[in-house]
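Colleague: Chain by chain, the residues run as shown.
Protein chains: 4
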Amino acid sequence: MLQQLFPLKGDVAPTPLADCQSQQDERLLRINRVGIKGLRYPIQFSNKSSQIQSTIATISLTVDLPAHVKGTHMSRFVEVLNKDGRVIEGQNLTRLVRQLRDRLDAGSAEIEIDFPYFIEKAAPISGQKALVDYNVKLNAIACGSKISHTVIVTVPVTTLCPCSKAISEYGAHNQRGYVTVTAHGEETIWVDDLIALIEASASSEIFALLKRPDEKHVTEQAYQNPVFVEDLVRNIALRLNTRTEIESYKVEAENMESIHNHSAYACIEKPVVSA
Amino acid sequence: MLQQLFPLKGDVAPTPLADCQSQQDERLLRINRVGIKGLRYPIQFSNKSSQIQSTIATISLTVDLPAHVKGTHMSRFVEVLNKDGRVIEGQNLTRLVRQLRDRLDAGSAEIEIDFPYFIEKAAPISGQKALVDYNVKLNAIACGSKISHTVIVTVPVTTLCPCSKAISEYGAHNQRGYVTVTAHGEETIWVDDLIALIEASASSEIFALLKRPDEKHVTEQAYQNPVFVEDLVRNIALRLNTRTEIESYKVEAENMESIHNHSAYACIEKPVVSA
Amino acid sequence: MLQQLFPLKGDVAPTPLADCQSQQDERLLRINRVGIKGLRYPIQFSNKSSQIQSTIATISLTVDLPAHVKGTHMSRFVEVLNKDGRVIEGQNLTRLVRQLRDRLDAGSAEIEIDFPYFIEKAAPISGQKALVDYNVKLNAIACGSKISHTVIVTVPVTTLCPCSKAISEYGAHNQRGYVTVTAHGEETIWVDDLIALIEASASSEIFALLKRPDEKHVTEQAYQNPVFVEDLVRNIALRLNTRTEIESYKVEAENMESIHNHSAYACIEKPVVSA
Amino acid sequence: MLQQLFPLKGDVAPTPLADCQSQQDERLLRINRVGIKGLRYPIQFSNKSSQIQSTIATISLTVDLPAHVKGTHMSRFVEVLNKDGRVIEGQNLTRLVRQLRDRLDAGSAEIEIDFPYFIEKAAPISGQKALVDYNVKLNAIACGSKISHTVIVTVPVTTLCPCSKAISEYGAHNQRGYVTVTAHGEETIWVDDLIALIEASASSEIFALLKRPDEKHVTEQAYQNPVFVEDLVRNIALRLNTRTEIESYKVEAENMESIHNHSAYACIEKPVVSA
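Protein chains in written order, with our numbering: chain U, 1 to 275; chain W, 1001 to 1275; chain A, 2001 to 2275; chain X, 3001 to 3275.
FYI, nobody ran anything at the bench for these hints, they're computed from the structure. Since the model is a prediction, treat every value here as computed from it, not as a measurement. Yeah, the Cβ is synthetic: ideal placement off N, Cα and C, and Gly gets one too. Check the hints yourself; a few may be wrong.
With a Cα cut of at most 25 Å, we get these calculated DSS-like pairs of lysine-lysine [what the hints assert, rightly or not]:
(1) X:Lys3083 with W:Lys1121
(2) W:Lys1137 with A:Lys2070
(3) U:Lys121 with U:Lys211
(4) W:Lys1083 with X:Lys3129
(5) X:Lys3211 with U:Lys270
(6) W:Lys1070 with A:Lys2070
(7) W:Lys1083 with X:Lys3211
(8) U:Lys250 with X:Lys3129
(9) A:Lys2250 with W:Lys1270
(10) A:Lys2137 with W:Lys1250
(11) W:Lys1270 with A:Lys2070
(12) X:Lys3146 with U:Lys270
(13) U:Lys129 with A:Lys2211
(14) X:Lys3270 with U:Lys250
(15) X:Lys3250 with U:Lys70
(16) A:Lys2070 with U:Lys83
(17) A:Lys2211 with U:Lys83
(18) X:Lys3083 with U:Lys250
(19) W:Lys1250 with A:Lys2250
Here are a few chain U residues that face chain A, going by a calculated C-beta distance under 8 Å [said to hold, decoys possible]:
(20) Leu17
(21) Tyr41
(22) Ile52
(23) Ile56
(24) Ser60
(25) Glu79
(26) Ala130
(27) Lys211
(28) Arg212
(29) Leu238
Just a few of them, taken from the derived set where beta-carbon distance is under 10 Å, the chain X residues facing chain W [said to hold, decoys possible]:
(30) Gln3044
(31) Ser3054
(32) Val3078
(33) Phe3115
(34) Gly3127
(35) Ala3130
(36) Leu3238
Whole structure, please, built from the sequences with the hints as guidance.
Modeller: This is the structure:
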């Protein structure tokens, strides 16, 4: 049937197909990163509690390319992922980024895996359980034999404005905010630890299921713990500074202000200290 | 070898170029809408106040296609827009959709224009002025000689939860919500009127610039006017029911809950009454 | 410790908290749909092959609200989902939407579940397997005792322009397109069937992993099977018309044109025939 | 009744209103950036040709905050923008970022302005004119007395795969790609120059309006100029290396592959050389 569609090509396999990618390149410009981006892929993720959860990731895989090579081989990125990319945790991610570097004959390789992560939380008074969704991004770089890991977590929180509370007879504007912590270190950094640390720094943590006594509780708790976006990033930075496994970080908070149609934003960075 | 595949093309330019689109189609299926989508385009929009503002629209232009015609002529959609699409208001939109229908030899034509719209508002106490952004979508359909207009406005508002206020010792959770009203009628429906009507129905309207006395004012106003998402759509529907120019509508409200990572949503529809 | 934070509340449980939602409403406006929207939630989905896959859904759950009731009870939506929403297939979705209607004392209830769905496909020549991602949306409505199901699938495809091929000496512009089919019927409509039917109607189907012989194959196949966006929706509509389980449908195709920065779009609708 | 709820605050309005933001902060953590984000705002932009165009920007404005100060004054960011932010070009942006730094008593200030920008292009054969939309982002930083400018442009292009062309009997897969160049230097970098340089490096540039002879032209041109995503970033880097006004840059290209549902990606960076 295919023969009917392509009668001119005959039955025989074509003689070896040209490999453009392996040709010499004369522009002599090294490419820092080349590969695939935006690939959706089902993964299993396990964190501190070691319970495995199935989720859907959006994945980027890149390598560097020497100045004299024309192109990389895009299909190999998916092959590496298919071979060993279904389960994602610290050690496996190290193995995966090494395999990518080796399979593509590259000097460096980078993997970025972005996925929703769920934690079952009990409502504060009723104790009813429900899942809260967070965004997790894991980045691993193999540069020669050196492996570097970065963990990025985005956590929804409630923030209540201290100024609004202080100046108003009653009430205070509050809103959903999103905190993103980018943390880097040589030891394992647990996603669950970062989430707990962020939630403890806001006016209130967020839940998926709240009965009336729970709603009363979180309303009053937020009112008792007003934080500016500045307070939020400082509270988090203070806590991050006590963690020995975190060497450098960036804390960003964005409040979807309930009184404006734009966000309030703050950021504290602790840079990598060169040896 | 390429010559074998394309014997008719030879060395000389084919003259005239084949017009595939005008060929007969034998599947005998009428196409309801065909055209272009997602075209960004600078327009000028004038509303009730007749003051013209420059903005950037995302535009869809479609026509129907008879069962026996293979394809439409995509370049003509942009030509119609270029000829007469820079200024958008009621009468001009009617002219534009008629031109589209005529230029494409179609039975019906539809235009959808989506753009940010700005209103300068004075803060409630300080009187300081700043621009608030809204989303406006205008839809015009020419079906034969009949022209039909729909106006869709999305308005950011503050909503404060009546339940949270009632059960809590102090405070009440509140958040930014987005209300979308889709309004249809034979007379002109002014965007400014819809926005005013929506803002009057929420716990508080939203501003881009608030000094401290203003922030006190909107905080207290929201606390004094709690609305569920259900109240919000009902308040708006009540007001829409008094407008003679609005024959049918849909009111949707979505609260970006400050205590959850999901939205609360409500919708009231008043359908078109058939004659 | 909580007592220290909230000294005014004492140790005893507050006397029954006000239930604002159950109050009478005097605006006398029925709400068509009220509930929660944008809730992310891990589900398991099984289709025709009955193999279960884990994925992450974005979920809306709504009910109608009688004119005399002030508000719905938002926490119950999540409770219904938690109780029976982890596994999603036809029968279970029917049960879920009935439970939602009953738990909320509503006349009608609606569930919409949107998630990525994966099919392992073998590359056409090398046979190498990899996962392709599709978007699936399942909608179920319980209106009184009547249950109605709608399946919506979005499928990436390759489209190659017949006009560009016909008028050019060599080559033809082609691009990724997205086809969305919304299908409704009383019998079960399998997602896999819709995907196969859509992929067979394009210039070529899409793969996640193609070796060079595969790339040659899909390039030539697309060149041999040029389709306008109009052809694409007609090819699909022809096939849908032969399926007895599909009573009404909408086919939409959007080509992310490689020669423009906007899309070409076409749509055919087969409406519900009233009895 | 409200008084009963809030007995601790008394009846009288607090005068003057507390200025929480100006309080001392004892956490002693400097904040790198704090301000507003996601503000939509109409601006006028003029580039090399000095013709002014009206467009809609999304704007971020931030400053640093000393360790001993509790909060910034969010309303002042909008005040600075309202006073002098309507017209955006090089000199005015310098003035604006200085005013922001001064008005907020900050050591450093940063402005980021993101907007669609339009160029009228004539189709290559018919000469018909239409607007193509690009994305421009301007970043200005005032750090003490030092001002630093960065220009970021995203340009849609056509890319045709060299491998697909080489191995296939006829045709070659091609697609829309997006190139983003981030360019930094002390002299003025013109947006128009960057766009021209990027478009010259792709298989073909993109148009909004093409008649049949134009479509033939761009189809054949793309087939004659195949580029991998690697070629694209190298072609652009070569050209950027000849520009004396550009001291450092990042070139990123993302192809929305027509044969996959993910992107091909490449990036070349030329870092800032420290003095």
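Colleague: Each of the hints needs a verdict: does it hold here or not?
Modeller: Comparing the hints with the structure gives:
Distance restraint check for Lys3083 (chain X) and Lys1121 (chain W): the Cα-Cα separation of roughly 15 Å lies within the 25 Å cut-off, and the hinted pair is therefore satisfied. As the CA atoms of Lys1137 (chain W) and Lys2070 (chain A) are separated by approximately 31 Å, the hinted pair breaks the 25 Å bound. Between Lys121 (chain U) and Lys211 (chain U), the direct Cα distance comes to roughly 13 Å. Compliance with the 25 Å bound is thereby established for this hinted pair. For the hint linking Lys1083 (chain W) to Lys3129 (chain X), the alpha-carbon distance of about 11 Å falls within 25 Å, and the restraint holds.
Restraint check for Lys3211 (chain X) and Lys270 (chain U): the C-alpha separation of about 55 Å exceeds 25 Å, so the hint is violated. A distance of roughly 54 Å separates the Cα atoms of Lys1070 (chain W) and Lys2070 (chain A); the hinted pair therefore is violated under the 25 Å criterion. Taking the CA atoms of Lys1083 (chain W) and Lys3211 (chain X), the gap is about 16 Å. The hint holds against a cut of 25 Å. Using a Cα cut-off of 25 Å, the hinted pair Lys250 (chain U) and Lys3129 (chain X) is violated, with the two alpha carbons roughly 47 Å apart.
Of the pairs offered as hints, the one joining Lys2250 (chain A) and Lys1270 (chain W) holds, with about 24 Å between alpha carbons and a cut-off of 25 Å not exceeded. Only pairs whose Cα atoms come within 25 Å are accepted, and Lys2137 (chain A) paired with Lys1250 (chain W) is accepted, the gap being roughly 23 Å. Of the supplied pair hints, the one linking Lys1270 (chain W) and Lys2070 (chain A) holds, its CA atoms being roughly 19 Å apart against a limit of 25 Å. A C-alpha spacing of about 23 Å is found between Lys3146 (chain X) and Lys270 (chain U), which places the hinted pair at or below 25 Å, so the restraint holds.
Taking the CA atoms of Lys129 (chain U) and Lys2211 (chain A), the gap is about 47 Å. The hint is violated against a cut of 25 Å. A C-alpha spacing of about 24 Å is found between Lys3270 (chain X) and Lys250 (chain U), which places the hinted pair at or below 25 Å, so the restraint holds. With a C-alpha separation of about 19 Å, the suggested pairing of Lys3250 (chain X) with Lys70 (chain U) holds against the 25 Å cut-off. Between Lys2070 (chain A) and Lys83 (chain U) the CA atoms are separated by roughly 56 Å; this puts the pair beyond 25 Å, and the hint is violated.
For the suggested pair Lys2211 (chain A) and Lys83 (chain U), the alpha carbons sit about 16 Å apart, so the restraint of at most 25 Å is met. Only pairs whose Cα atoms come within 25 Å are accepted, and Lys3083 (chain X) paired with Lys250 (chain U) is rejected, the gap being roughly 32 Å. Under the criterion of a C-alpha separation no larger than 25 Å, the hint pairing Lys1250 (chain W) with Lys2250 (chain A) is consistent with the structure, at around 22 Å. Interface hint at Leu17 (chain U): satisfied, since its Cβ lies 5 Å from the closest Cβ of chain A, which is below the 8 Å cut-off.
Satisfaction of the interface hint for Tyr41 (chain U) is found here, the shortest Cβ-Cβ separation to chain A being roughly 7 Å, below the 8 Å cut-off. Hint status for Ile52 (chain U): violated, given a least beta-carbon distance of 11 Å to chain A, over 8 Å. For Ile56 (chain U), the suggested interface contact is upheld, since its CB lies about 5 Å from the closest CB of chain A, less than 8 Å. Below 8 Å, beta-carbon pairs count as interface contacts, and Ser60 (chain U) has none with chain A, the closest being about 14 Å; its hint is therefore violated.
The beta carbon of Glu79 (chain U) is positioned within 8 Å of a beta carbon in chain A (closest approach about 7 Å), and the interface hint is therefore held. For the restraint placing Ala130 (chain U) at the interface with chain A, the shortest Cβ-Cβ distance is roughly 6 Å, inside the 8 Å limit, so the hint holds. Satisfaction of the interface hint for Lys211 (chain U) is found here, the shortest Cβ-Cβ separation to chain A being roughly 6 Å, below the 8 Å cut-off. Interface hint status for Arg212 (chain U): upheld, as the beta-carbon distance to the closest one in chain A is roughly 5 Å, under 8 Å.
For Leu238 (chain U), the interface hint is violated, since its Cβ never comes within 8 Å of a Cβ in chain A; the closest pair sits about 20 Å apart. The beta carbon of Gln3044 (chain X) comes within 8 Å of a beta carbon in chain W, closer than 10 Å, and the hint placing it at the interface holds. Among the interface hints, the one on Ser3054 (chain X) holds; its C-beta lies about 3 Å from the nearest C-beta in chain W, closer than the 10 Å criterion. Proximity of Val3078 (chain X) to chain W holds as hinted, the smallest CB-CB distance being about 4 Å (cut-off 10 Å).
Interface restraint check for Phe3115 (chain X): the shortest CB-CB distance to chain W comes to about 8 Å, inside 10 Å, so the restraint holds. For Gly3127 (chain X), the shortest C-beta to C-beta distance to chain W is roughly 13 Å, which exceeds 10 Å, and the interface hint is violated. Taken as an interface hint, Ala3130 (chain X) checks out: its beta carbon lies about 6 Å from the nearest beta carbon of chain W, inside 10 Å. Given the 10 Å rule on beta carbons, the hint for Leu3238 (chain X) is violated: about 30 Å separates it from the nearest Cβ of chain W.
Hint compliance for this structure: hints 2, 5, 6, 8, 13, 16, 18, 22, 24, 29, 34 and 36 are not met, and every other hint is.
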